[in-house]
Amino acid sequence: MRTTATIAGLMLATTASAETLTIYTYDSFVPEWGPGPAVAAAFEAQCGCEIEFVAAGDGAALLSRLRLEGARTEADIVLGLDSNLVAQARETGLFAPHGVEADFDLPVAWDDDTFLPFDWGYFAFVSSADTEAPANFRELAESDLSIAIQDPRSSTPGLGLVLWVEQAYGEEAGEVWQGLADNVLTVTPGWSEAYGLFLEGEADAVLSYTTSPAYHAIAEEDDSKVAWAFDEGHYLQIEVVAMVEGTDQPELAQDFMAFVATDGFQSVIPTTNWMYPAVTPAEGLPEGFGELVQPETALLYPPQEAAEVREDAIATWRDALAQ
Amino acid sequence: MLTLEGLLIEQGDFRLAADLTVGPGVVALMGPSGAGKSTLLAAIGGFIDVTGRVLVRGEDVTALPPARRPVATLFQDNNLFPHLSIAQNVGLGISPRRLRAGDRARVDDVLARVGLEGLGARKPGALSGGQQSRAALARALVQDRPVVLLDEPFSALGPGLKAEMLDLARDVLAADGRLMLMVTHDPADAERVAGEVLLVLDGEVTGPHDRAALLADPPPALRAYLGPA
Amino acid sequence: MSLTRPGLWAAALLLALSLGTLAAVAWRAEWAGGLGAADWAAIRFTLTQALVSAALSVGLAVPVARALARRAFPGRAVLVTLLGAPFILPVVVAVMGLLAVFGRRGLVSDALATFGLPPIDIYGFEGVVLAHVFFNLPLATRMLLQGWLAIPSERFRLAESLGAPVGRLLEWPMVRATAPGAFLVIFLICLSSFAVALILGGGPRATTVELAIYQAVRFDFDLGRAALLALVQFGLCALVAAVAFRVALPDGLGGGLDRVVRRRDGVPLLDAAWIGAAALFLLVPLGAVVLAGVAGLVDLPGSIWAASLRSLGVALVATALAMTLALVLALRPGAGVSLAGVLPLAASPLVVGTGLFVLLYPFVSPGRVALAVTALVNAMMAVPFAVRILAPAVAQAEATYGRLADGLGLAGWQRLRLLLLPRLRRPLGFAAGLAAALSMGDLGVITLFAGSDKATLPLEMYRLMGSYRSDAAAGAGLLLFGLSLGLFWLFDRGGRIGADT
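From first to last, the protein sequence lines stand for chains R, Y and A. Take the first sequence: its position 289, counted from the start at 1, is 290 in the working numbering, and no numbers get skipped. Take the second sequence: its position 199, counted from the start at 1, is 1212 in the working numbering, and no numbers get skipped. Take the third sequence: its position 241, counted from the start at 1, is 341 in the working numbering, and no numbers get skipped.
So here's chain R without its partners, still in its complex pose (with noise of 0.2 Å):
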């Protein structure tokens, strides 16, 4: 019998209580290696309430799993939502207002009053140092340099790659895809399957992030990795959080929204994340950081245009490699 209850005990979890905020969010932000117990700490120590995480795969399975829940959703704050997928998540209805004002350090203008960025990074292809860097999509086409992407139908990071090379070339972006056809080594689920094949060799470089090489060289103190600078530009993620307008801790829930804003949340980011805070925490970013690739052109579609290019994009990108 003690076996059973131990296994039901394993199963049903503690109820919340009163005082709990919910935050659903993806995957890579709650464990003990993440930043979701840092940020929990921090919020802790002010409110006085306990913040339950809730993760529910990556961004896109976020926006899913809230959908299927819809108004009665127990989520009082969502937290990860990728820019490409906030003007789906606004049609669901069921976001208020955040009310934060600050002072955001993004290299474009974001100006959401629902949907607030908490961390970003451009999209870059890592590679190992010694390997001879292309400038551009179009060197790296001619290249035989081979690289790992994600499928934009199931990954944040591949539909961002689609939205760049859309963003970048426009009606070429057909006749780019076509030509970077021989360098896609594979096309993986998620980002977790093409960084694993690219940190054995497989491929000469992956779709990550500016920001990847600093895990490497504070984490490992490995500095052998580098993002190529491309000088077309760098497509932008930009990472949101919202508030649940149906939530029943709204002052809990604004209170939170506010604490994004601030250094108790966004210092934690740089090192557990590996992401660029939304807004520069006091002691500035790590050091590592400094040392990274700084696009001169920031590329983004605002989320409407995103939202309306996707479906072409990701077609061009089908056509293109399935020849």
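These are calculated hints, taken from the structure and not from any lab test. Among the clues, some could well be false.
If you want a taste of the chain R side facing chain A, the calculated C-beta under 10 Å gives, among others [as the list claims (entries may be wrong)]:
1) D28
2) S29
3) E33
4) G35
5) A57
6) A61
7) S65
8) L86
9) S147
10) I150
11) S155
12) L200
13) E201
14) A204
Glycine included, each C-beta is placed from N, C-alpha and C at the ideal position.
Following the hints, put chains Y and A in place on chain R, whose structure we already have.
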């Protein structure tokens, strides 16, 4: 004792009819291979569907499932579950549930009667062929049914051991006014233990015939089957 | 208690889990339109790769199983156990192992490079098929080996003494009877393949139906399309199942493969070559997984142990459930029941999960039932295998001892307790081991339901991979591999110890 009333067994092309009554004691069931001896036992035991009626001591048992018939069967093989101990196997003849102390004592008693004293805890695999046969007999004995059917359970034993088992079966099973109906190919077996014989020939069961008279002057078909004496 | 009624309930539960969840998804859908050209391309690709993968797996398994059936050598039992390992390995772990051998920086390419040859490129259709054969060749081998060992040795001796051709007389009819079932099972496994096809497929040409479903649910939230695609998947399953059932039914994939029939036919060297090649093909990538993981074991985060415990709990519950369902199904053979035993193989895990979410959400918070639902779905996915293992054993026990049990009035629970369960110990142990290992390694639907802090070991491994910690992830993969294989071994062994024949 056992009455087969207008009994008809049909399985595809095979037909076997019986209309007879046999009394208590040991009765041998003889006939050529394929005549339907085992099938007749299966019909009496309730394992196959028949038309007509099967009566035991005047009571119609045709509609009863095997376990509720006043009949116990010893099959040609697989009479014991190999994963249960001898005592458990024998105990199943009393009840599939956990046995009471009195029942357990009865099992021990019966095991002693068949010469397996002290071997109740063993698994069948740890016993010799003869001992396994004794255990099967013990189980049929605790079942305490008025009719016991033997479908050549001792055919794999050597001649001496077989004779010994037949004697034991006659002494313990056919006592107390029970009917023991046994299939056999060997006239010597019939001579040894049986008083009467049922003949299975050409789709029909006849008898009971007096064993001595029948074997002294067998009908032609039986003679052909038995071979030159 | 009759033993047939629970069988109907189990069949109904499996139908509800496979088709009912699909209906729930369809019910929740806003219907936007039918299938596009890309969807049809995905269906074509899925069919082609599943057909080729299943044909190759079964085709190659024939000589391997035959060699294993007639050659005794030291380590044979260990080899047969290890042959089951690829099947129970988490996909991503196995793919990394395969790449360590067949990748551009793999052993084969390295060897080629010493001769100045270019590395091999497995990305594409070949890569998908290679991985599927890696996963399923062992399964096919086990199913066929069972068929070989089911031929009584007396028949081989008889054929030998008559100088009759063993192959045509004994082996071919057995292969004809066993291979279609093996083909069907493997075809269905490959049909719902997702990560393998994508990682090794080399691009959007290698889009499978399951990926299209994933996209429809995750990115487009087009539940109508997801339901349609899942229905297509079931349709393909039904079609192939109908054909395979018409040809023959498999004998099962039972345990107890220790027996070797001593035979004098065949060329020993050739058999050794087949066994050696299969062992190399299957074991070297596993070795690479172990090697890669050992270094990472020290980097494992503390949370991995709680996750391991949780996964063990889920695996044990899933195993108990799967065994109960499979047993009651095996006790009640029939067309409807065999269909229920096959359908879960064709179900899209994502659709099942989403459907369950839709069904449960009005009543209970998803996070609270995450582990329970994971166990349930894992159990459902293991049932087809367990039924195939148990059904022939039930039939055999009934054929041998059915009349004795009838005569003694053993029915219902008593029959189960006194006759069937003891007779089924070995196949139950084997099936339970398989179910536990499959559940252990499956990421499953936990990602859909996950609440706070309830990661299972596979999920924890993915989280490590998703945060640059590839060494720790490899360590977690090794831990997962070890636990899965350990569970399998324990159950399989438990079924054999003290089992009287």
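Evaluation of the provided hints:
Interface restraint check for R:D28: the shortest CB-CB distance to chain A comes to about 5 Å, inside 10 Å, so the restraint holds. With a least beta-carbon distance of about 4 Å to chain A, the hint placing R:S29 at the interface is held under the 10 Å criterion. A cut of 10 Å between beta carbons decides the hint on R:E33: the least distance to chain A is about 5 Å, and the hint holds. A least Cβ separation of about 6 Å between R:G35 and chain A falls short of the 10 Å threshold, and the interface hint therefore holds.
With its C-beta approaching chain A no nearer than about 6 Å, R:A57 sits inside the 10 Å limit, and its interface hint holds. For the restraint placing R:A61 at the interface with chain A, the shortest Cβ-Cβ distance is roughly 5 Å, inside the 10 Å limit, so the hint holds. The interface hint given for R:S65 holds, since its Cβ lies 5 Å from the closest Cβ of chain A, which is under the 10 Å cut-off. Annotation: R:L86 was flagged as interfacial toward chain A, and the flag holds, the nearest CB pair being 9 Å apart, inside 10 Å.
About 7 Å separates the beta-carbon of R:S147 from the nearest beta-carbon of chain A, less than 10 Å, and the hint is met. This hint holds: R:I150 has a C-beta 9 Å from the nearest C-beta of chain A, less than the 10 Å allowed. With a least beta-carbon distance of about 5 Å to chain A, the hint placing R:S155 at the interface is held under the 10 Å criterion. Annotation: R:L200 was flagged as interfacial toward chain A, and the flag holds, the nearest CB pair being 5 Å apart, inside 10 Å.
Restraint check, R:E201 versus chain A: the minimum CB separation of about 6 Å is within 10 Å; hint holds. Satisfaction of the interface hint for R:A204 is found here, the shortest Cβ-Cβ separation to chain A being roughly 8 Å, below the 10 Å cut-off.
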